[in-house]
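A.B. asks: One-letter residues, chain by chain:
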Amino acid sequence: MFAGIASLFLFAYWAAAGGNRGWTKNQLAEKQTDEVTGIEFLVYKDHFMPGIEFLGLGLFLLIVLFAITFIGRRPR
Amino acid sequence: MKLPLLFTASLAFASSLVAAPTVFDFKDPKGVNAVQFYLDSLLEPIVGTASGVTGEITFDPDAPAATTGTIVVASSSLKTSNSTMTEHMLGDGWIDATAHPEITFELVKLDNVKTASGTTTADASGKFTLKGVTKDITVPVKLTYLPDALEKRTKPGNKGDLLVVRGEFTINRADYGIKPGQNEDKVASEIKLTLAIVGSAPKA
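Taken in sequence, the protein lines are chains A and B.
Each residue of the first sequence is one higher than the last, beginning at 10 in the numbering used here.
Each residue of the second sequence is one higher than the last, beginning at 2 in the numbering used here.
No lab work stands behind these hints: they were computed from the structure.
Incorrect hints may appear among the rest.
[Unchecked claim] Example chain B residues on the side facing chain A (calculated, C-beta under 8 angstroms, incomplete):
| no. | residue |
| --- | --- |
| 1 | 33 |
| 2 | 45 |
| 3 | 50 |
| 4 | 78 |
| 5 | 82 |
| 6 | 83 |
| 7 | 86 |
| 8 | 157 |
| 9 | 158 |
| 10 | 160 |
| 11 | 163 |
| 12 | 199 |
The C-beta atom is built at its ideal place from N, Cα and C for all residues, glycine as well.
Can you make the complete structure from the sequences, with help from the hints?
C.D. replies: So, in structure tokens, the structure goes:
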């Protein structure tokens with residue numbers, strides 16, 4: 010029960026944070042342009058964006074947690 | 002007696018009007034200068050920048066083919082959006098920024114030089130050094146000369162010229178001893194480098 014609800018929360022968090030299907034990022038690059046030269050350059054800003062490996066690892070751990078709950082349980 | 006003296010003085014004045022080669026410093030105070038790198042990988046392309054650009058280029062707008070200079074990039078300034086990935090990239094398995102702190106391009110000559118309205122396109126041949134390995138490469142470049150534009154970028158009264166250098170080229174990481182033949186299913190062997198930098202030459 011807990012693992013199911015936590016999975017939903019984890020997925021919702023990942024989706025709300027941008028649904029990034031790439032690697033987790035802890036800095037986001039923002040493109041800016043120098044007015045005089047026209048050079049486009051990147052400025053990095055601190056921002057955590059969970060990636061697909063964050064979601065995958067989280068779901069894996071919750072599945073393990075779910076499986077552990079069956080260990081030691083006596084069959085009816 | 003006065004006539005030859007006048008002639009010599011006129012000649013000296015005229016020659017002072019002809020533009021001489023100017024040295025442009027590429028340590029940009031506004032921090033705009035960067036080399037962007039792009040390489041394909043398993044999940045998504047790895048994109049990052051190297052912002053620690055320094056170096057000097059000697060450029061004469063009247064003789065752009067005679068351009069010479071060296072651009073240096075601090076290896077430790079390479080950065081991606083993932084700090085763990087950046088740390089890994091700078092480690093001894095990849096760039097080895099501690100042992101090889103600089104990535105350099107030494108311009109030897111310009112070929113196929115074409116100039117139109119302040120912009121010169123050419124093929125820049127030179128020596129590119131990465132991770133201690135030097136290779137001769139040719140890079141198509143675009144040089145844009147912006148006379149008296151330094152003031153607009155810095156502060157009023159700061160007279161000088163700007164030189165914008167743009168270029169794009171691809172290298173093979175294996176050629177520079179970066180995991181040759183390894184991890185090619187996860188990280189592409191080709192690295193695309195895009196250069197967009199500006200140098201300034203203040204006038205005294």
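A.B. asks: Work down the list of hints and note, for each, if the structure agrees.
C.D. replies: Outcome of the hint check:
At its closest, the beta carbon of residue 33/B sits 5 angstroms from a beta carbon of chain A; the interface hint therefore holds under the 8 angstroms criterion. Below 8 angstroms, beta-carbon pairs count as interface contacts, and residue 45/B has one with chain A at about 4 angstroms; its hint therefore holds. Restraint check, residue 50/B versus chain A: the minimum CB separation of about 5 angstroms is within 8 angstroms; hint holds. Residue-level restraint check for residue 78/B is violated (minimum Cβ-Cβ distance to chain A is 12 angstroms; threshold 8 angstroms).
Given the 8 angstroms rule on beta carbons, the hint for residue 82/B holds: about 4 angstroms separates it from the nearest Cβ of chain A. With a least beta-carbon distance of about 5 angstroms to chain A, the hint placing residue 83/B at the interface is held under the 8 angstroms criterion. Because the closest C-beta pair between residue 86/B and chain A is about 7 angstroms apart, less than 8 angstroms, the hint holds. The closest approach between the C-beta of residue 157/B and any C-beta of chain A is roughly 14 angstroms, which is over the 8 angstroms cut-off, so the hint fails.
The restraint placing residue 158/B at the interface with chain A is violated, with a minimum CB-CB distance near 16 angstroms, outside the 8 angstroms limit. At a threshold of 8 angstroms, the smallest CB-CB gap from residue 160/B to chain A is about 14 angstroms, leaving the interface hint violated. Taking 8 angstroms as the C-beta contact cut-off toward chain A, the hint placing residue 163/B at the interface holds, the least distance being around 7 angstroms. Checking residue 199/B against chain A: minimum C-beta separation of about 5 angstroms stays under 8 angstroms; hint holds.
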